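S.K.: Here are the chains, one letter per residue:
Protein chains: 2
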Amino acid sequence: MTQPAPPAPNQRVIGVFDSGFGGLTVLRALLPRLPETHFIYLGDTARLPYGAKSQATVARYAVEAARFLVSRGADLLVIACNTATALALPQIRAAVAVPVIGVIEPGAKAALAATRHSPEPSNGKDVLVLATAATVQSHAYRDTCTALGLRVEEKACPLLVPLVEEGWTDHPVTHEVLRIYLTEALAEGHPRTVLLGCTHYPLIAPAVTQALHHLGCEATVVDSAEATAEAVRATLGVTNGGKAPASFDCYATDSVEKFARLGTHFLGHPIPHVELLDLGG
Amino acid sequence: MTQPAPPAPNQRVIGVFDSGFGGLTVLRALLPRLPETHFIYLGDTARLPYGAKSQATVARYAVEAARFLVSRGADLLVIACNTATALALPQIRAAVAVPVIGVIEPGAKAALAATRHSPEPSNGKDVLVLATAATVQSHAYRDTCTALGLRVEEKACPLLVPLVEEGWTDHPVTHEVLRIYLTEALAEGHPRTVLLGCTHYPLIAPAVTQALHHLGCEATVVDSAEATAEAVRATLGVTNGGKAPASFDCYATDSVEKFARLGTHFLGHPIPHVELLDLGG
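Line by line, the protein sequences give chains X and W.
The numbering used here puts the first residue of the first sequence at 11, with every later residue one more than the last.
The numbering used here puts the first residue of the second sequence at 11, with every later residue one more than the last.
Derived from the structure by calculation, the hints contain no laboratory data.
Any given hint might turn out to be false.
The list treats identical chains as interchangeable, and a pair is accepted whether it falls inside one copy or across any two copies.
Straight line, CA to CA, 20 Å or less: simulated SDA-like cross-link-like pairs of lysine to any residue [unchecked claim]:
1. Lys-268 <-> Ala-66
2. Lys-268 <-> Ser-64
3. Lys-268 <-> His-149
4. Lys-253 <-> Glu-228
The model shown is predicted, which means the values in this text are computed figures rather than measured ones.
Let the hints inform the model, and build the full structure from the sequences given.
M.R.: Following this line, the structure appears as structure tokens:
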């Protein structure tokens, strides 16, 4: 197996992990914020989606991935996967000696900030979280938002990931599915903030905003990918832009050709090379 | 781990394998055809869906599953998974000493029979195969149908599995998605037969028939689950019904509670007990 060139000595290295290529929306948000940084992205595509799997299985997979990224020199890990963050963040933190940032706490804190600046609706919750069934079942967003003093409602949206992967990000079917899901979620009142709790959802953020508008809901849409990238920047204390742009390597545990092709849509940037990795699954 | 009661001595034992619970539509078709038989169903739910995975990965998983079923006493295996049949049937047959029946050849032969009895359209192919992206990319149905002298077209329908799993088997969105997929597939002419090349699709067979009718296509809809069950019965030479109804055990590699709950819709029958199995993935 050909190894990518190692990062320069003393260069900051950040590992980014997701079950697939959805986490590339987080890498996309990180790249412009952290110049002079080398990113190592690992998509565990052979075992995706994590969303349908049990806590024990997800934790085992995520810990394997985290150890791999640290072995490749990462001195900070971003768990760019809502399911892995929801089900396995404590296990990942216990397994590696570097800081680990998940997507849920930054997303919840961004929702708190947005809620403070949104007009108060006549009824309803502060935050509506849209996420996969597994993320909702974990109630990780609900618990984190509640700890911040927010009144939160969660809505599982199982069809949104396949619709994004079909490329139907601005398609009548996607608009109709969003109308159905959001009508159900808004039945008991309108939230002040809608938090996109899945790394696939930034690609349909405009469709979510449009559907909310059509339903008469003026909530602010918050993207946990952007929020997580901001949290990483703040953790590292990076305030000014460096000279050299950030660089990245990608690893996938299954078809590297498919990863490069589909991943490009999520990263918004061509992916010139993907390395195949066997995590033993 | 509590083991289910072993089958009676000399009782026929058939292993049925799928990546998830879709293959329960094949078990559903097998149960009434093969009384006095004990079935062992294995759903590799920890590693589903196989549809997005590479040939090497699918073959490794399927061989592990086949060896497990034989170790539990199966003297015939049904690979009730289109992806595993398309990508790994030779490897499974090489790995075990019992007969192995996949879903593709029975489906293709049933399409041949149906096509012979269907009116010839003015243009178009004999058979339109609807399947997942991975099954279509393998071209296993195309190759098998072509070898039978059929002119075949394949159409990948990535949203149908998530729609079935959402429970939207008779829902406006599913009817609209089918209209879109079938309009694309019928653009160059109408087929005589439509072959449902995915074990989830029997649950939307009425919706497929309805969508074809609305598009002015009178094709016969053939279900590879029913066709496979018929092939198993013919292979075993079972012609008359026995006295005792068939029995079954279910194993799953992830959440047994979810398997029992969702699987019931596919089997059309309650699943009283599911055993958790670790295949090491």
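S.K.: The structure should be examined with respect to each hint, and the outcome stated for every one.
M.R.: Hints and how they fare:
Proximity of Lys-268 to Ala-66 under the C-alpha cut-off of 20 Å is restricted to the inter-copy arrangement: shortest distance 15 Å between copies versus 28 Å within a copy. With identical chains, the CA atoms of Lys-268 and Ser-64 are at most 20 Å apart between copies only, with a shortest distance of 10 Å across copies and 26 Å within one. Taking the shortest Cα distances, Lys-268 and His-149 sit within 20 Å of each other only across copies (17 Å), while inside one copy they are farther apart (32 Å). In this assembly of identical chains, Lys-253 and Glu-228 lie within 20 Å of each other by CA distance neither inside one copy nor across copies; the values are 40 Å within and 65 Å between.
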